[in-house]
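Colleague: Use the sequences and the hints to build the structure in full.
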Amino acid sequence: GEKMLKFELSHKLLQLMSTVPNNIHSLLTTAEGTQCSSNLGTIRFGEDELSFTCFMRSSSVFHAEQVTLAMTALAELCGFELNIPATMAAWPPKAENRLGEMAQELFRELTGNEYKLLAIHAGVECGEFAEKNPEMSIISTGVGGGSGAHATVETMNFDLTELSLRFLTALIEKLAREG
Numbered sequence: 018g019e020k021m022l023k024f025e026l027s028h029k030l031l032q033l034m035s036t037v038p039n040n041i042h043s044l045l046t047t048a049e050g051t052q053c054s055s056n057l058g059t060i061r062f063g064e065d066e067l068s069f070t071c072f073m074r075s076s077s078v079f080h081a082e083q084v085t086l087a088m089t090a091l092a093e094l095c096g097f098e099l100n101i102p103a104t105m106a107a108w109p110p111k112a113e114n115r116l117g118e119m120a121q122e123l124f125r126e127l128t129g130n131e132y133k134l135l136a137i138h139a140g141v142e143c144g145e146f147a148e149k150n151p152e153m154s155i156i157s158t159g160v161g162g163g164s165g166a167h168a169t170v171e172t173m174n175f176d177l178t179e180l181s182l183r184f185l186t187a188l189i190e191k192l193a194r195e196g
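To convert a position in the sequence shown, counted from 1, into the numbering used here, add 17.
Straight-line C-alpha distance at most 25 Å; calculated PhoX-like pairs for lysine-lysine: (1) Lys111 - Lys191; (2) Lys111 - Lys149; (3) Lys191 - Lys133.
The set of hints was computed from the structure by calculation and includes no laboratory data.
Only a predicted model underlies this, so the values are computations on that prediction, with no experimental measurement involved.
Modeller: This is the structure in structure tokens:
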């Protein structure tokens, strides 16, 4: 048979999901871009529990901890317990980034357009690499031009996807030549 949540539990869950931070929390003060953000993910219903994921991204450990404290308080106020199994390592932007500079120059050569280096809340996996090798130059690059990211209505611009592929191929070739 079909299982349903009791009214009180569903009301508390709705309160929590509508108040838990689910957006950009802070912007960088030293550069253009996002410093800390999070978003709600999937809801799972088990025999005796329900859970939902909330994915945190931040270039600052301090800001991630502040949002986690807020989420913990909201969960407790709504009668739930917050469990954060893992967080992504922070990836603070560097003032000097040789790879970023190389990417800017190459993109300008290929397209005649500016390649903007921004700190955004994507490419969070880069924090894991940066944590293990803080001296590494890292960029996370993408296509853009689409809409509805991470939703069932997401679209993408195939012309920009093709341009992105050409750019990445040229960047890898340049790195192989020049190191």
